[in-house]
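Undergrad: Residue-level listing of the chains:
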Amino acid sequence: MTLDWHWKSAREIRDAVQSGAVSALDVTEAYLRRIDAVEDKVDAYTQRWNDTARSMATKVDEKVRRGETAGPLAGVPVALKELLCTRTGKTTCASKMLENFRSPYDATVVRRLEEADAVFLGKVNMDEFAMGSSTENSAIKPTRNPWNLRCVPGGSSGGSAAAVSAGECALSLGSDTGGSIRQPACLCGCVGIKPTYGRVSRYGLVAFASSLDQVGPLTRTVEDAALTLNVICGRDAMDATSADLPVPDFTAALTGDIRGLRIGLPKEYFTDALSDQMREKIEAAIEVFRDHGATIVDVSLPCSEYAIAVYYIICTAEASANLARFDGVRYGFRHPEAKTMQEMYVMSKSAAFGPEVRRRIMLGTYVLSSGYYDAYYLKAQKVRRLIKKDFDAAFEQCDVIAGPTSPTPSFEFGAKSDNPLEMYLSDIYTISVNLATLPGMSVPCGLTEAGLPVGLQLMARPFEEETLLRAAHFYEQNRGFDMGRPPVA
Amino acid sequence: MDYEAVIGMEVHVEINSKSKVFCSCPTDFHAPPNTNVCPICLGMPGALPVLNRDMVNKSIAVGLALGCKISRWSKMDRKNYFYPDLAKNYQISQYDLPLCDNGALEIEVDGGSKRIGITRAHMEEDTARNTHALGGGQSGIDFNRSGVPLLEIVTEPDIRSAREAHAYLTALKQILQYLDVSDCNMEEGSLRAEANISLRPKGYAEFGVKTEVKNVASFSGVQKAIEFEIARQEQVLRSGGVIIQETRGWDADRGITFSQRKKESAHDYRYFPEPDLPPIVVDDAWEQRIRHQLPELPMARKQRLEAQYGLSGYDAHVITLSRNFADYYEKVVASGADPKKAANWLTVELQALLSEAKAEITACRVAPDALAALLKLIDTGEINGKIAKEVLAEMFTSGQSPDSIVQEKGLNQISDTGAIEDAVKQVIGASPNQVAQYKEGKEKVFGYFVGQVMKATQGKGNPQLVNEILRRELGR
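Chains as they are written, first to last, in the working numbering: chain D, 78 to 566; chain R, -2 to 473.
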């Protein structure tokens, strides 16, 4: 038994478990030890399911012993974001509102992972109801960036990114509404992909903004992302917005060949808003593509400047309705001192939602109100279509759009928490992808002088995850340096 | 100054799909509380709605039957408000783009017919039911009804009287039942009617301030509530007062409407398109498929029955009130019965038995061909009409064929002249006083003799023969 299974890729683990070279239980134990060793520093996990993990691993081992082919994620230890519904444990959304909530059912993606013989290690931290960019909005605890424990892991899937980056799981699932997979993946130095809207079932993903939310994997390699997509993508009869399209073998796209690939650089993504240290790394990454036969073209996404405004109207409007169900009536927090129905609503919500969630519910309620709907929500929907048109036009000139994932590397705790608008700008490069329902991913492209990861963002046409993966995989194999491991012991 | 009432109706119909509108739970909400529920209709975190196609098909059928235009592109919307019976605290409904709009329904009232415009019909989900009968100041919620499919049908303000409103509801219910899309049981809430009522001086074009009357449990209740509300508003206006826009309830016991909610507290529902559901695109082929499946509708069937079978307008009306009743009738006729006699026996005798047993025609043990066979026994003189009623009652309870009942009970009509002569002689011999009266010219006494002879023959005497022989014997 090798001692550092926790640094192996999901593919390596899967192959070894399937072939019987290692037992899923041994791999699981290695991860449990790793979590024991670093979790007090990282604090990625909100729930640890040691017994569940061991019993899932044992089942996989029995399968292998019986000579059956174990699934495509056989024995791969996985961490799940707190907002994915699971019958195991709780589904808290990192909120006091759901601190004791147990879901009566498993999310479709959770079920698909289980059917693929993955092993669940537990659930990981996030910004409350996925609203935030630093995981500081978790009502449970802060999670630290494994590359620098004084810094945030990004958000909202901060626990997912930190756990992958610190070797506390082989891969994790996150969700991305405006950048919540890509931005923490960028800040923690891992791979994160937000699939095309409709590619992955949202059934059992606690909704933040229904027209933008999408589940996706955070991994240490591009190949692992492809493997995970093979498992979680595809039509689900329980989600009317899931696309009825065939799911290709995404690993087949990892050809290493990018000759003829046209990569577009949107000028709007390379302005002064981008810090110099990020720009330097992104430009270096582009050069790798250029050096290997890709064509680099300049493109323009003129409506980008409206993306943040549009996003914060649409996502808050949808959130104001999606979060209305948390009222203390059927489940979740009910204020013990409420005496009337009105008090039950007002006191329960006021006490159990954190300030950012309350702010967004109020914003969303406002933009949908009679007399304001046309000026805000309807206008935002129109501009959203223009943003999509920008991408359609850009994709006539290129196959992949490249740029930074985040305007800055990770930052220290508290640096932006007093200024919501500055925090909102963390997503300036990622939200357009959600608004345009495109696939987007972040792949590590180096470290700053301070040793903080930088991520390259790639975007493609709807349902062209394969192009994205091919480009990202090529870059990963040819970037000419190793990201190394975070300094966390 | 004379006032004119302006009335518009909103009717919520529970569509009888097997499963709820956004999940696969059964729609039977009489099951024990909270047994027909799932994460979707309970509004659990992460659950998503999927639109029931049967609901869309049935809604299109209603739209077509009401002459509506079926939208090629419509969508669902969220209607936001907080109430414990609303699982998600928003109702999935249709706001600005309903599935059906711009139709009309022809109603018959006071011997004439009138066209009531249908503004729209849209799909939505029902709410759960709150109960405050648990005691101890506790309230309970039964989510069995949460997510039951509802079609809301809204009229133009074309109705002018309580009677027209009643006629509209009757005609609408009849169509819904013909389409077999709802059981239309008002007491159980599967059909709920609300009336918007205002008055204006006769001849004026603009509308007065309206009140909305809700929570009425029967069609006659709606009629009475509207009558009351028209009278109330007229009194307010005549005494120089103003009508307040409000929702009013109906107190059936006291026969009055009462104020429930003022307009000031009306909600801003913050409607917006439901992002969890794709738009509903109904192409020509889909609409045509539903159109071809439509049954013959009540008005058309009534006219056909009049023309085809020579029925009176009244009989045709009564027979076509329900599709099942009309189907039954046509089966009786198809089995060889005379159409007019069949109509008569169906609307009078069988209907009486059904009413007494509180049974539906679909549960009737008398098969249509058995009723035709019974009528044939009368035609051929096997039994008389009086005996036939007894046989029908027996058929109704036992489900036996008329022939076997007649055989078993020996009910065959006595057409044996000798036997009747014997009975007549016996009766005349036993009634000297009546014979004397008859001979004095008291024709009325003849009925007495007929009755006595029928009694003596256990009702089986052939009435014609009994008459003939009595006249002959008494005349001697």
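Just so you know, these hints were derived from the structure itself, not from any lab. Since we're looking at a predicted model, the values are computed, not measured. One or more hints might be untrue.
As the list claims (entries may be wrong) - Distance condition first, Cα-Cα at most 25 Å in a straight line; then the derived BS3-like pairs of lysine-lysine:
no., chain 1, residue 1, chain 2, residue 2
1, R, LYS76, D, LYS459
2, R, LYS72, D, LYS459
3, D, LYS167, D, LYS344
4, D, LYS344, D, LYS416
5, R, LYS72, D, LYS456
6, R, LYS452, D, LYS465
7, R, LYS338, R, LYS373
8, D, LYS456, R, LYS436
9, R, LYS439, R, LYS452
As the list claims (entries may be wrong) - Calculated Cβ distances over 12 Å to all of chain D for the following chain R residues:
no., residue
10, PRO29
11, GLU191
12, ILE241
13, GLN285
14, ALA297
15, VAL345
16, LYS373
What the hints assert, rightly or not - Which residues of chain D face chain R? A partial, calculated answer using Cβ under 7 Å:
no., residue
17, CYS162
18, ASN177
19, TYR182
20, TYR280
21, LEU282
22, VAL283
23, ALA317
24, ALA320
25, ASP321
26, GLU395
27, ALA398
28, ARG402
For every residue, glycine included, the Cβ atom is placed at its ideal position computed from N, Cα and C.
Undergrad: With reference to the structure, classify each hint as holding or not holding.
TA: We went through each hint and held it up to the structure:
no.: 1; hint: R:LYS76 to D:LYS459; verdict: holds (21 Å)
no.: 2; hint: R:LYS72 to D:LYS459; verdict: holds (17 Å)
no.: 3; hint: D:LYS167 to D:LYS344; verdict: violated (44 Å)
no.: 4; hint: D:LYS344 to D:LYS416; verdict: violated (57 Å)
no.: 5; hint: R:LYS72 to D:LYS456; verdict: holds (19 Å)
no.: 6; hint: R:LYS452 to D:LYS465; verdict: violated (93 Å)
no.: 7; hint: R:LYS338 to R:LYS373; verdict: holds (10 Å)
no.: 8; hint: D:LYS456 to R:LYS436; verdict: violated (102 Å)
no.: 9; hint: R:LYS439 to R:LYS452; verdict: holds (21 Å)
no.: 10; hint: PRO29; verdict: holds (18 Å)
no.: 11; hint: GLU191; verdict: holds (22 Å)
no.: 12; hint: ILE241; verdict: holds (21 Å)
no.: 13; hint: GLN285; verdict: holds (24 Å)
no.: 14; hint: ALA297; verdict: holds (37 Å)
no.: 15; hint: VAL345; verdict: holds (53 Å)
no.: 16; hint: LYS373; verdict: holds (56 Å)
no.: 17; hint: CYS162; verdict: holds (4 Å)
no.: 18; hint: ASN177; verdict: violated (13 Å)
no.: 19; hint: TYR182; verdict: holds (5 Å)
no.: 20; hint: TYR280; verdict: holds (5 Å)
no.: 21; hint: LEU282; verdict: holds (6 Å)
no.: 22; hint: VAL283; verdict: holds (4 Å)
no.: 23; hint: ALA317; verdict: holds (5 Å)
no.: 24; hint: ALA320; verdict: violated (10 Å)
no.: 25; hint: ASP321; verdict: violated (11 Å)
no.: 26; hint: GLU395; verdict: holds (6 Å)
no.: 27; hint: ALA398; verdict: holds (5 Å)
no.: 28; hint: ARG402; verdict: holds (5 Å)
In this structure, the earlier hints numbered 3, 4, 6, 8, 18, 24 and 25 are contradicted, and the remaining ones agree with it.
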